[in-house]
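A.B. asks: Taken in order, these protein sequences are the chains called A and B. Taking the numbering used here, the leading residue of the first sequence gets 43, the next gets one more, and so forth. Taking the numbering used here, the leading residue of the second sequence gets 7, the next gets one more, and so forth.
Please note that the accuracy of each hint is not assured.
[Stated by the list, open to error] In silico SDA-like links for lysine to any residue, alpha-carbon gap of 20 angstroms or less:
1. B/K259 <-> A/G85
2. B/K259 <-> A/N86
3. A/K89 <-> B/T169
4. A/K89 <-> B/K259
5. A/K89 <-> B/L23
6. A/K89 <-> B/K148
7. B/K244 <-> B/L214
8. B/K375 <-> B/L23
9. B/K375 <-> A/A52
10. A/K89 <-> B/K244
11. B/K244 <-> A/L70
12. B/K148 <-> A/L70
13. B/K244 <-> A/S56
14. B/K244 <-> A/R57
15. B/K375 <-> A/S56
16. A/K87 <-> B/G339
Treat the hints as calculated values from the structure; they're not laboratory data. On a predicted model such as this, the values are computed, not experimentally measured, just so you know.
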Amino acid sequence: MTLEKDSDKAVGFSRRAFVIGSLQGAFLVLLGGRLAWLQTVEGNKYKTLAENNRINLKMMAPARGQIVDRFGVPFAVNNQNFRVLVIPEQTDDLKESLKKLSHLIKLPEGTIENVLKLAKKSPVYTPIEVTDDLNWQEVATVEVNIPDLPGMSIDAGEVRHYPFADAAAHIIGYVGTASKKDQEGDSDPLLTLPDFQVGKIALERTFDKELRGKAGSSQVEVNVVGREVRELKNAQSLEGERVILSIDAELQRFAQQRLSAERSASAVVMDVHTGEIYALASYPAFDPNYFTGGISHERYEELSGDITFPLTNKAVAGQYPPGSTFKMVTALAALEAGVITEGTVASCPGHYDFGNGRFHCWKAGGHGGMNVVSALSESCDVFFYKLSTELGIKRIAAMARKLGMGDKFDMELKEERGGLVPDEAWKKKKYGEGWHPGETVIASIGQGYMLATPLQLAVMTARIANGAKAVKPWMVGFTGDKPIKRGAWEDLDINPKHMDIIRRGMTRVVNDQRGTGYGARIKEAGMEMAGKSGTAQVKRITKAERAAGVKNEDLAWQFRHHALFVGYAPLENPKYACSVVVEHGVGGSKAAAPIVRDILLMAQQRDPAKKPLVASPAETKEGTNHG
Amino acid sequence: MAKPVILSGEGSIIQMLKYINWGLVLLVTLLASIGFTALYSAAGGSFDPWAGKQMIRYSVFMIGTIIIALVDIRFWYRIAYPFYFTCLVLLVIVDLMGVIGMGAQRWINLGFIQIQPSELTKIAVVMALAKYFHSADAQDMKSLRFLLIGVSFLIAPFLLVATQPDLGTSGVIVMAGLAMFFLAGAPIWIFLVGAAAAAAAAPMGWLLLHDYQKQRVLTFLDPERDPLGAGYHITQSKIALGSGGFEGKGFLKGTQSHLDFLPEKQTDFIFTLWVEEWGFFGGVFILMVIGMILGYGAWIAMRCRHSFGRLLAFGLMINFSIYVFINVSMVMGLIPVVGVPLPLVSYGGTAMMSVMIGFGLMMSCNVYKDAKLPRM
Chain A
43 MTLEKDSDKA VGFSRRAFVI GSLQGAFLVL LGGRLAWLQT VEGNKYKTLA
93 ENNRINLKMM APARGQIVDR FGVPFAVNNQ NFRVLVIPEQ TDDLKESLKK
143 LSHLIKLPEG TIENVLKLAK KSPVYTPIEV TDDLNWQEVA TVEVNIPDLP
193 GMSIDAGEVR HYPFADAAAH IIGYVGTASK KDQEGDSDPL LTLPDFQVGK
243 IALERTFDKE LRGKAGSSQV EVNVVGREVR ELKNAQSLEG ERVILSIDAE
293 LQRFAQQRLS AERSASAVVM DVHTGEIYAL ASYPAFDPNY FTGGISHERY
343 EELSGDITFP LTNKAVAGQY PPGSTFKMVT ALAALEAGVI TEGTVASCPG
393 HYDFGNGRFH CWKAGGHGGM NVVSALSESC DVFFYKLSTE LGIKRIAAMA
443 RKLGMGDKFD MELKEERGGL VPDEAWKKKK YGEGWHPGET VIASIGQGYM
493 LATPLQLAVM TARIANGAKA VKPWMVGFTG DKPIKRGAWE DLDINPKHMD
543 IIRRGMTRVV NDQRGTGYGA RIKEAGMEMA GKSGTAQVKR ITKAERAAGV
593 KNEDLAWQFR HHALFVGYAP LENPKYACSV VVEHGVGGSK AAAPIVRDIL
643 LMAQQRDPAK KPLVASPAET KEGTNHG
Chain B
7 MAKPVILSGE GSIIQMLKYI NWGLVLLVTL LASIGFTALY SAAGGSFDPW
57 AGKQMIRYSV FMIGTIIIAL VDIRFWYRIA YPFYFTCLVL LVIVDLMGVI
107 GMGAQRWINL GFIQIQPSEL TKIAVVMALA KYFHSADAQD MKSLRFLLIG
157 VSFLIAPFLL VATQPDLGTS GVIVMAGLAM FFLAGAPIWI FLVGAAAAAA
207 AAPMGWLLLH DYQKQRVLTF LDPERDPLGA GYHITQSKIA LGSGGFEGKG
257 FLKGTQSHLD FLPEKQTDFI FTLWVEEWGF FGGVFILMVI GMILGYGAWI
307 AMRCRHSFGR LLAFGLMINF SIYVFINVSM VMGLIPVVGV PLPLVSYGGT
357 AMMSVMIGFG LMMSCNVYKD AKLPRM
């Protein structure tokens, strides 16, 4: 090797090294250029993308407001619900972990299969509910063993709880996961939460907006797979308002309990002056607690297929022919129209022939001479048949409406129905036929097309008892601190003397030995009630049946008469009005009157009217509501 | 002019230490420190689990680097081929381990350290080729036979690494090797023929690729194809880089990296993390440090008075630069995702070890730049 040769090589090397070095330099510049491009020209685009990547606005559901009775006794609260959650990706073997868990606590049958199925469908990092409604011991057992259960955790959620279970189900209602229909026309972002619950029926539904509260928000940083890393901003959610009812929970429970002696019945107790409802019961009922977590198909079928309609609030949605409880309306209309006076006497031979028809009195032998007071007290049908033809359906219908029948009160329960007060115009519209005078005859005793709800019957009774004030029923006094405004009740413009005649008739119904409700009189001094029984035909009594003397109670249950009774108490300065309908209870005085008696007695003993409704009843258990 | 330097006697060592390129040591340490900072941030502001270990590792390796630099270049010259063949054997061993059923593995665990033969092979190939071309004269460089033997130095490690499978590293080996050919003075036509042959073989090569490798190439060509799958890495990296802007989001404030949007943030995507936090300036700063290291390597090569040293130093510098170019191009979405770390900055011992050995050898070329080497 010569020096020269080596330097040749060195020169050649240098040339080529220069080429490579230049390439490298160029490459470095290219990389710098690319970096500049990404960061300046495309920088904004990537900045936006980065923000999207990173911040997840999470909505925080507020605690739902409580529903309490007039004394603060809770009807609807939020309970803690302890659940076991599992995040599949954090387990070594999901199936093994579930099996381990099943050795610790009892899992409902099929749980493991269900969780495995769910796990297959959802991303591995989303928590799956294994089981819920754990008791303290189960929570403790799982908690202690958590180190052996990777990926599992205990979660304390909230679940709506109804301490009164089926005793107030129809007025309180229940909540359920918001459906598509619930979301229509409601822009509240809360509804977009996957399992956000809204009120489905009754007060939970009517006051859903007030109870719901305002969504809070939490800005969380998430990583690419959606895991939360930390919270950036937090806007507290606003708890829903407390809804305070006029209901007296104890009276409510008593009424519900009392109705349970029958197969199917409903009752309303209200204040004759203020319209406050103290109890509104419908039996049979259901336990709303079964609905909050989603009711099973079988159980729902069972409830909805029952011929006693446990899901229906019969106190506001049950429409029955008022039967003889309607006689006050007819009597009042006749007195007001001057068709009769207090002294008008008519004789009852047990039937009344009109046109080509014969209309029977319930008392086959007849009542003999009757005036309006005794006709009410002994519930003589013929007396009312006779005056009805002269009175006419128009005036009967007008008085019925005045006393609260024929239309809804638009009270807080949307389930409320309007009943029916028929007249010529209605029949023309409905059937395209004219009104038959014979239809007036049966309408006068609350039969035929006439339909009323127990609520309407209670209101009618209240309006009679309070001296013809157009009281309307209500049950929600406050939402939060705000009272619900109600104007003064207008005067129905009925002659007080006529009202007094009606009340005397009703007083004799229960307090006169010949009265139909004498057996159900209240014996406690100063608490006596007045009332009126009614028996509504479900099925026409055929001639053959009448001839054979078939007793109504021998018929199949669903063909028996409805038993009704309305009453108010005390006699002097009435306070409480009550109506009871016992479906297919056969006789109003026998089946319904004792229930009214017991309820009115209880109402007077508890006397909820004594303490006016206030915004902050004391008894509320604050501890049951978790924010 | 060439002064004989022997590795014996304290005085000599101190003498030799003067020849160590302290400037290069400083630059390399600077680059490694960028890595420490980034790793500290990657852990959310903690030395644990990465930055601390990396610093210790770097310190140990730096001592090794100095020692390597002080070892007589003639020793390295002598062991070039044995070292090369040892590497081939190690590659065969890891390949066999994969076959025998321990799963695809790229390293051999020696208990105290995991050796990744493919990393050592990169150095071995450069060393072997430097030695091979050291003795070549102009005539040899025109001889097809001579050149083909040289090519075979490349083919064996390429195949062994590619079947691991580690396409990134095998690519680096080939590229560095080809650069060696070019530097040694191989005629230009041979590169043209090689390029044509490669183009012809490409479809065949496509068939040989693993599915995931094909995915990566396809995804590179169209990242939107599968934004949450294979294209995800590239997209996320670009978002992190782009959102860093001019001055960056600030130390420890890189959201994309810290929120785990960025995959492999402590290894392959460390550059992204750095740039997200330090912005364009930070990125350019790294590139400048790297550029200076490359320039330093070239300078060492140029000053070397023997062909072996020139080729070795420059080849190692190229080796390092290929690492950098592949990694930085990848995170910027210029090339498909290949698992190549950013040397010295990324967390990891093996890559650091191989580049540190490289710098040691490079400096050895400087310390012994005047040494007389035999020709074969």
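A.B. asks: Within 20 angstroms, alpha carbon to alpha carbon, are B/K244 and A/L70?
C.D. replies: Within the cut-off at roughly 18 angstroms; holds.
A.B. asks: Between A/K89 and B/K244, does the CA-CA distance stay at or below 20 angstroms?
C.D. replies: Given that 20 angstroms is the threshold and the Cα spacing comes to 10 angstroms, the pair holds.
A.B. asks: With the threshold set at 20 angstroms, check whether the alpha-carbon distance from B/K375 to B/L23 stays at or below it.
C.D. replies: holds (14 angstroms)
A.B. asks: Taken at face value, is the distance from the CA of A/S56 to the CA of B/K375 at most 20 angstroms?
C.D. replies: holds (16 angstroms)
A.B. asks: Between the alpha carbons of B/K148 and A/L70, is the straight-line distance 20 angstroms or under?
C.D. replies: Given pair B/K148, A/L70 is violated - Cα atoms ~32 angstroms apart, limit 20 angstroms.
A.B. asks: With the threshold set at 20 angstroms, check whether the alpha-carbon distance from B/K375 to A/A52 stays at or below it.
C.D. replies: Given that 20 angstroms is the threshold and the Cα spacing comes to 13 angstroms, the pair holds.
A.B. asks: Given the hinted pair A/K89 and B/K148, is their alpha-carbon gap at most 20 angstroms?
C.D. replies: violated (55 angstroms)
A.B. asks: Does B/T169 sit within 20 angstroms of A/K89, going by the straight-line distance between their CA atoms?
C.D. replies: Distance ~40 angstroms between A/K89 and B/T169 Cα, so the pair is violated.
A.B. asks: Run the distance test for B/K244 versus A/R57: straight-line Cα separation, threshold 20 angstroms.
C.D. replies: Status violated; Cα separation ~37 angstroms.
A.B. asks: Take a quick look at whether A/K89 and B/L23 sit within 20 angstroms of each other, Cα to Cα.
C.D. replies: violated (49 angstroms)
A.B. asks: When you check the alpha-carbon spacing of B/K244 and A/S56, does it fall within 20 angstroms?
C.D. replies: violated (38 angstroms)
A.B. asks: Holds or violated: B/K259 with A/G85, Cα cutoff 20 angstroms?
C.D. replies: Holds: B/K259 and A/G85 sit about 17 angstroms apart, inside 20 angstroms.
When held up to the earlier numbered hints, the structure conflicts with 3, 5, 6, 7, 12, 13, 14 and fits the remainder.
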